[in-house]
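A.B. asks: Take these sequences, add in the hints, and give me the full structure.
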Amino acid sequence: MHCSVKHAANYQLMKFLKSHICKDDSYTHTSTIQGQWHISNNELPEFYTLYSNAAQYFPMYIVEKSETKKPMPMIFEFTPYDSLHENEFDGNIFDNFDWTSMVEKIISIITGMFGHGRDFTYVFLSQENICGGRNFCFHFPYIVCEQIHHIMVQNILKNETQNVAISYVIDPHLYLSTSKHVKPYKIIKVSNDLDIQKMSIYALVNLLSVRNKHHLAIQPLRGAEFYSYPEKIIKVEDLPKINYDKKVIETLLKMIGKNRMSCGRTFRQMTVIFHYCHTTNINKDIDFYKIWKKCRGTFSGKHMWKYCNNFLRYDLNITSLYYYAHIDDPILFEKTVDLNPAFRDMLLQKNEK
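For the sequence shown, UniProt numbering assigns the number 1 to the initial residue and increments by one for each residue that follows.
Source of the hints: derived by calculation from the structure; they are not laboratory data. Every value quoted in this text rests on a predicted model; they were computed, and no experiment measured them. Check the hints yourself; a few may be wrong.
Distance condition first, Cα-Cα at most 27 angstroms in a straight line; then the derived DSS-like pairs of lysine-lysine [as the list claims (entries may be wrong)]:
#1 K69 x K186
#2 K69 x K158
#3 K241 x K254
#4 K247 x K186
#5 K183 x K18
#6 K284 x K258
#7 K335 x K254
#8 K306 x K183
#9 K6 x K183
#10 K258 x K15
#11 K105 x K258
#12 K15 x K180
#13 K241 x K306
#14 K294 x K69
C.D. replies: Given below as structure tokens:
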């Protein structure tokens, strides 16, 4: 290809991006190097065309800002490792990674959550990582749901998988984009016998994009009352007042695994949940601060409690306690919560004010 054609493609993309520069939080795309832009949904076809033309010849570093509902995209990055020697990357482990079994396990989890009859088309990708091994990624373009369901699938998969590090990516790169000094993902296979050799770069970029897919959203089999939430920071004065049932709380806590308070990330989440319950509680017979201290044990972070007002979110409240209980002990949860009105009655108070 003549150099003038290559540079013309890149020039047209840069020109488009320059006209869409955004300096506030309304941006839809950003760069791992520098820059952010607002590109409306009706402009996406033009953007994908320009991007696809330039991505054939030049490195790309564009990240999509996730929407409330999105496909199961580049979320599950599988990095196999030897559990006995976690710092020693054995090439055989990567070469022998059973991705067929893994995708079957993911589909089984999604089916259990959303039911049969879904479009389980998936794209299987691989990437060389900076540690000398490979990451593997599955993208389900037609399994579009809220972020909390992505996390649920990830957590269930973690509990069922050994010797595989599973990470969660909130804002994924566009296809063929990556971070600096890291090679982009390459497509290994597209299911349903789709021939990637016959698919254009534009078609693949569009297929793997997480933007503008709300119309494909699916609902879980269970009611979404435990899992759906708007991502919005709230003020203390806007919180509801809840008469928590002590027996209900104690039962939920028995279902929650002890490792919830031993991991730094989940410890912070549980702390905010307990603080939310403490702030909204009107039942003097239950002290959530004491419950938190007991659950915390010897874990560091005793000063975290006083900063929790800065992290109050709708997605970290009493419904989150139900969510963790369901994840950690689904059999007991469904036998207990579904058959006892007290659990549901207490939860309904969250929406009252």
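A.B. asks: For each hint, tell me whether it holds in the structure or not.
C.D. replies: Outcome of the hint check:
1. Between K69 and K186 the alpha-carbon distance is near 25 angstroms, which keeps this suggested pair within the 27 angstroms criterion.
2. In summary, the hint linking K69 to K158 is supported, as the alpha carbons are separated by about 22 angstroms, within the 27 angstroms threshold.
3. Only pairs whose Cα atoms come within 27 angstroms are accepted, and K241 paired with K254 is accepted, the gap being roughly 24 angstroms.
4. Restraint check for K247 and K186: not satisfied, since their Cα atoms lie roughly 52 angstroms apart, outside the 27 angstroms limit.
5. Annotation: proposed proximity of K183 to K18 holds, straight-line Cα distance about 25 angstroms (limit 27 angstroms).
6. For the suggested pair K284 and K258, the alpha carbons sit about 26 angstroms apart, so the restraint of at most 27 angstroms is met.
7. Under the criterion of a C-alpha separation no larger than 27 angstroms, the hint pairing K335 with K254 is consistent with the structure, at around 14 angstroms.
8. Taking the CA atoms of K306 and K183, the gap is about 43 angstroms. The hint is violated against a cut of 27 angstroms.
9. The hinted pair formed by K6 and K183 meets the criterion: a straight-line CA distance of about 20 angstroms does not exceed 27 angstroms.
10. Straight-line distance between C-alpha atoms of K258 and K15 comes to about 54 angstroms, which puts the hinted pair past the 27 angstroms bound.
11. Of the pairs offered as hints, the one joining K105 and K258 holds, with about 25 angstroms between alpha carbons and a cut-off of 27 angstroms not exceeded.
12. The suggested pairing of K15 with K180 holds, with an alpha-carbon distance near 22 angstroms, which does not exceed 27 angstroms.
13. For the suggested pair K241 and K306, the alpha carbons sit about 20 angstroms apart, so the restraint of at most 27 angstroms is met.
14. For the hint linking K294 to K69, the alpha-carbon distance of about 37 angstroms lies beyond 27 angstroms, and the restraint is violated.
Hint compliance for this structure: hints 4, 8, 10 and 14 are broken, all remaining hints hold.
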